[in-house]
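Please construct the entire structure, taking both the sequences and the accompanying hints into account.
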Amino acid sequence: MEQYIMKGGNPLAGEITISGAKNAALGILAASIMTDEDVVIENLPDVRDINVLLEAIQEIGASVNRINRHTVKINASNIHEVSVDDDYIRKIRASYYFIGALLGKYKSAQVPLPGGCNIGSRPIDLHIKGFRALGAKVDIERGAVLAHAIDLVGSHIYLDKVSVGATINIMMAASLADGQTTIENVAKEPHVVDVANFLNSMGANIKGAGTDIIRIKGVRRLHGTEYSIIPDQIEAGTFMCAAAATRGDITVKNVIPKHLESISAKLLEIGCEVVELDDAVRVVGKPRQHHTNINTLPYPGFPTDMQPQMAVTLALTEGTSIVTESIFENRFKYVDELARMGGCIKVEGNVAIISGVNGFTGAQVNAPDLRAGAALVIAGLAAEGYTVVDEIGYIQRGYEHFERKLRSLGAVIEKVDSDKEAQKFKLKIG
Numbered sequence: 090m091e092q093y094i095m096k097g098g099n100p101l102a103g104e105i106t107i108s109g110a111k112n113a114a115l116g117i118l119a120a121s122i123m124t125d126e127d128v129v130i131e132n133l134p135d136v137r138d139i140n141v142l143l144e145a146i147q148e149i150g151a152s153v154n155r156i157n158r159h160t161v162k163i164n165a166s167n168i169h170e171v172s173v174d175d176d177y178i179r180k181i182r183a184s185y186y187f188i189g190a191l192l193g194k195y196k197s198a199q200v201p202l203p204g205g206c207n208i209g210s211r212p213i214d215l216h217i218k219g220f221r222a223l224g225a226k227v228d229i230e231r232g233a234v235l236a237h238a239i240d241l242v243g244s245h246i247y248l249d250k251v252s253v254g255a256t257i258n259i260m261m262a263a264s265l266a267d268g269q270t271t272i273e274n275v276a277k278e279p280h281v282v283d284v285a286n287f288l289n290s291m292g293a294n295i296k297g298a299g300t301d302i303i304r305i306k307g308v309r310r311l312h313g314t315e316y317s318i319i320p321d322q323i324e325a326g327t328f329m330c331a332a333a334a335t336r337g338d339i340t341v342k343n344v345i346p347k348h349l350e351s352i353s354a355k356l357l358e359i360g361c362e363v364v365e366l367d368d369a370v371r372v373v374g375k376p377r378q379h380h381t382n383i384n385t386l387p388y389p390g391f392p393t394d395m396q397p398q399m400a401v402t403l404a405l406t407e408g409t410s411i412v413t414e415s416i417f418e419n420r421f422k423y424v425d426e427l428a429r430m431g432g433c434i435k436v437e438g439n440v441a442i443i444s445g446v447n448g449f450t451g452a453q454v455n456a457p458d459l460r461a462g463a464a465l466v467i468a469g470l471a472a473e474g475y476t477v478v479d480e481i482g483y484i485q486r487g488y489e490h491f492e493r494k495l496r497s498l499g500a501v502i503e504k505v506d507s508d509k510e511a512q513k514f515k516l517k518i519g
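Going by this note's numbering, the first residue of the sequence shown is number 90, and it counts up by one from there.
Simulated from the structure, these hints should not be mistaken for laboratory data. Note that the coordinates shown come from a computational prediction; the quantities given were computed from them, not determined experimentally. We put the beta carbon where it would ideally sit given N, CA and C, even for glycine. Treat the hints with caution; some may be incorrect.
Said to hold, decoys possible - EDC-like, lysine to aspartate or glutamate: derived pairs with alpha carbons at most 16 Å apart:
hint : residue 1 : residue 2
1    : K306      : D267
2    : K422      : E480
3    : K196      : D240
4    : K196      : E144
5    : K250      : D267
6    : K306      : D240
7    : K435      : D425
8    : K162      : E315
9    : K162      : D176
10   : K375      : E407
To be verified - FRET-style restraints, in silico, Cβ to Cβ:
hint : residue 1 : residue 2 : range
11   : T271      : V446      : 46 to 56 Å
12   : T271      : D240      : 40 to 50 Å
13   : D367      : R496      : 21 to 31 Å
Printed below as a string of structure tokens:
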């Protein structure tokens with residue numbers, strides 16, 4: 090089983106280039122099957138979730154041509170199936186985007202209920218409410234969502250709760266509905282805007298993405314396009330926290346600094362130096378960093394996907410920090426693992442009370458999910474001695490060549506798949 094082994098204690102320093110946004114890419118790839126013409130997508134991150142989704146797209150009959158590691162050409166003119174295979178879908182949450190894409194184009198979709206990280210309940214009732222408002226009949230049978238419509242008709246939809254997935258899914262289906270659709274209380278995340286921009290580049294008529302209300306005038310058909318995905322806000326934030334936690338100096342390149350403002354603000358609050366450039370952010374950690382409080386909220390608030398990385402950073406500051414998790418209920422599963430390394434965090438409901446410590450010590454820990462796994466790697470790089478992180482498949486779902494990028498910043502880290510290789514690493518490093 091693959092694991093990361095690392096020797097901590099080195100401040101990370103240097104420049105790192107951020108990959109395309111995984112969460113934007115998942116929605117964009119699903120939307121690419123809504124036209125019969127060629128779609129070329131650039132700046133695609135080479136991570137497991139993306140590769141699984143591409144396999145699923147191929148499985149339903151679309152042609153998928155990997156031009157290079159970060160560029161793909163998709164042609165969906167020969168799709169022969171509106172039913173998506175269970176094997177692919179169980180692996181990733183974003184598989185539910187196929188419902189909106191297939192329902193929009195073919196007025197029919199059969200998609201198994203999704204899998205992914207177990208970070209809490211993520212029901213799709215808002216997605217279903219939206220599809221029904223557009224005129225689709227939606228049932229759940231034998232673990233799959235079955236959606237059918239004679240015609241999709243524009244409607245006024247109010248989301249009871251801000252939901253990225255529901256916003257993107259309904260937006261896709263409504264793009265090919267008759268008439269105008271208004272969706273209120275929508276998610277404003279950068280990747281929602283990116284999917285809307287992608288659909289517009291295919292001929293959709295979507296206005297208001299990034300605000301509270303999205304208005305969509307349905308079109309008869311979508312056409313081919315070439316599109317480049319935005320940089321990954323969460324990958325960027327992860328390296329920013331790595332700079333802070335290891336007291337390093339990292340310039341994170343190929344980013345949109347505005348997308349990172351909530352993260353930059355918290356790092357400034359704890360005493361880091363943060364310098365914003367046109368398409369880069371430099372973070373310099375300081376020997377003494379201070380506590381702060383964080384409350385995860387939908388964009389532009391502090392992202393839930395950055396909560397574990399920031400909590401690890403706060404666990405090495407002076408004083409007591411409080412982190413309130415407002416989005417997912419199972420997002421503190423890394424706390425017990427961090428305790429093995431000397432972290433002092435007490436969880437009460439959706440609140441973590443973090444008492445800062447002077448340092449971590451290396452230990453063997455398990456990655457409980459994607460972002461918590463990345464946070465434990467940061468902890469290991471800040472710790473004294475050796476740390477082994479197991480279950481790194483979670484991390485590889487969302488970070489491209491994570492260990493390689495970290496090594497380029499001076500991290501002493503290796504991906505190994507046996508105890509023998511781990512021993513060899515220890516002997517080599519000494």
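Hints breached by this structure: 4, 5, 9 and 12
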